[in-house]
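Colleague: Here the protein sequences line up with chains A and B, keeping their order.
The first sequence maps to residues 1 to 297 in our numbering.
The second sequence maps to residues 1 to 444 in our numbering.
Don't take each hint at face value.
Said to hold, decoys possible - For each label pair, taking beta carbons as the anchor points, the in silico distance ranges come out as:
#1 A:M278 x B:E428: 28 to 38 angstroms
#2 A:Q142 x B:E401: 48 to 58 angstroms
#3 B:Y227 x A:E59: 31 to 41 angstroms
#4 B:Q290 x A:G115: 23 to 33 angstroms
#5 B:N94 x A:I96: 37 to 47 angstroms
#6 A:I145 x B:E90: 47 to 57 angstroms
#7 A:Q286 x B:E199: 50 to 60 angstroms
#8 B:K424 x A:S70: 56 to 66 angstroms
#9 A:E59 x B:K171: 20 to 30 angstroms
#10 B:K313 x A:G115: 38 to 48 angstroms
#11 A:I145 x B:M402: 54 to 64 angstroms
Hints were generated in silico from the structure; no laboratory data involved.
Idealized CB from N, CA, C, for every residue including glycine.
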Amino acid sequence: MAFDWLFFLEVLIAGLLSGAMYSLVALGFVLIFKASGVFNFAQGAMVLLAALTFVRLVEMGAPLWLAGVSTLMVMVVLAMLVERLVLRQLVNQAPIILFMASIGLNFFIEGTAQGVWDSDVHALDLGVPDLPIDVFGMLISQFDIFAAAMVAALVVVLAVFFQKTRIGRALRAVADDHQAALSVGIPLQTIWVVVWSVAGVVALVAGLVWGSKLGVQFSISLVALKALPVLILGGFTSVPGAIIGGLIIGAGEKLAEVFIGPFVGGAIESWFPYMLAMVFLLFRPQGLFGEKIIERV
Amino acid sequence: MNLSEFGRNSIWAAIIAVPMMISPAAAQQFIPVTTYDTGPYAVNGQPFMDGFVDYLKMLNARDGGINGVKLTWEECETGYKPDRFVECYERLKNKGEAGASLFNPLGTGLTYAVIDRAPQDKIPVISLGYGRTDASDGRVFPYIFPMVTNYWSQSTAKIKFIGQKLGGMDKLKGQKIANVHHDSAYGKETIPVLAKQAEIYGFEVTHFPVTHPGLDQKATWLQIRQYKPDWVILRGWGVMNQTAIKEAARIRFPRDQMIGVWWSCAEQDTVPAGAAADGYICAGFHAAGQDFPLIQDILKHVYDKGDGAGPKKAVGTILWNRGVVNAFLSVAGIKTAQKKFGNKVMSGEQVRWGLENLNLTAADIGSQGATGLVPPLKLSCLDHEGGGGVKFQQWVGDHWEMVSDWIETDQSIVRPMIEASAAKYAAEKGLTLRTGMSLGSECP
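Isolated chain A, as found in the complex (with noise of 0.2 angstroms):
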């Protein structure tokens, strides 16, 4: 039988769609461990949280953007008292300390969120249609399409925070060197502050998405899963790199899952991007954008 490319190419749109969901979830890691040297164990957790939030408050009655307003302040919150509580009292201490500590944090925040609100699931429509369209005989989820855009359009407001803003400079500049940062004069404390603050708003746009995918729920903390074998690919330090791993990763996983699972039995996608990020490692430890540490002794 002649392989199917069309189907090929379907899957292969599929994956780049499913990627650029996984990239969403990405981009928080890396802007936490471009800014303060964090891998947030957390992330997954913040996306629960804000979906959970905005989810309820609009079933008490708030309209769209007053959740979405409520929400972001809940996450600015989240992000003060996590640099008073956790950061401020663990600076100068090693790497994988503030790695456990944003294991505690997941655990807190995970059980916080679901305390307040509550652990069951909810329905959360965008009033996007997650209807297919027919493109040459392909079909195209709407909703993934407006995902995709999402993150586009995501990426290209980080972008322009970082580049042109005075508060991005600042922020780069501590993700270049903390101690050059601290000696012009930028308030590292204040840094740490923003930085989370804007990873809570790219869990709250993932919460929303993933939401509406799956319906609001514990689950959606699990996404974070998902992001793992980008960064590896991507590198822990690149907002590029995180959207190039994910499109990577998820056109990978579906390939790999139509057309090599059948033959040694299916269910391969969950392990198979993990397995394409240590093959990258070998070669590229640094992943694929990340920064080459150099250390000298």
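Once you have looked at the hints, place chain B on chain A.
Modeller: Here is chain B on its own, set in the frame of chain A:
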């Protein structure tokens, strides 16, 4: 108060309090409640266990327990993880006057984890509507009770239902069925029986595993689109279900040709899927809704007094009702045991006898206000399932509508498979089949 007064008062307090402390407490039957209120499956675990606990609360409030024996329970969080369930099992098995009455793991993998322990500890395990399926053969699995209808029986009812829709079982020949299943012990349980039915009826079945938790299933559903099945059978759990329903809509697969197992068929699965769920069909072994005197009693004696385990809006939903049915059958086993051993606290071994000799007639069910909620059941040493039927229901936008009567399962297919599988298990474990009067029950 001076010091001597304080001393005198203390002595009087001790004289009054000590006899109160040593006087015999009311008899209490301990029922462990292993649940999952956290993790990706909490959405399903919580309403189920709320229903379970609400029924026990109602019995205590309305009847003072069972025949004068108060019911007591303790919850333990498993997170739907077998290792944590084993921890809960070990922690709770010796609690209460006569130890744990029984366990309800709420998970096939969790049940597998204690299959070897339960006979040693002499504590029955009810796996209501889940695996392991071949534990229906009580000669090999004396302490496991996959009650009402097991997965294989359900599968035969499903194929019968499809046959009915097509206009006869002969029409199944040449049909293509995609079995989309959770890639776990639970998800894989029906693969052998589907293969057997495909052989008998001449349809084709292909299996599509989905890894936990099933957040993104595009690749699976693109393969299904390529496969072009006539029917899809969904065996999911948690977030996998609504994702599957939505993905089916994305490839324009008709939802009324998609049939879910009862663990894929709660409001938690259909409501988040929105319009994509319209027309979706599900198997069920009990009814939904509040229109049963038993459930009205729970509302009256528990919720109206502000003592509900969960939110009142959950009362009557599929999973909450399933929790009630699970508790109802657990208690029915205890009551049957009390008829033989007396109205006192029953041990796990006695409850096992009660479950194995449970004969729940339509009259019994009616007298307890549960007509239509639970099908009549009769268990025996040979049959730990009980011979329940399967009803099919369809999601119509905001509620379920019944689209079939009780459909009988096909034991001519299931029973030989169960016996063969159980015999294989027995051979692997070096077990001898129970025969004659065994453990207080007659085994043919």
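Colleague: Which earlier hints can't be squared with this structure?
Modeller: Hints 2, 9, 10, 11 are the ones this structure does not satisfy, whereas the remaining hints hold.
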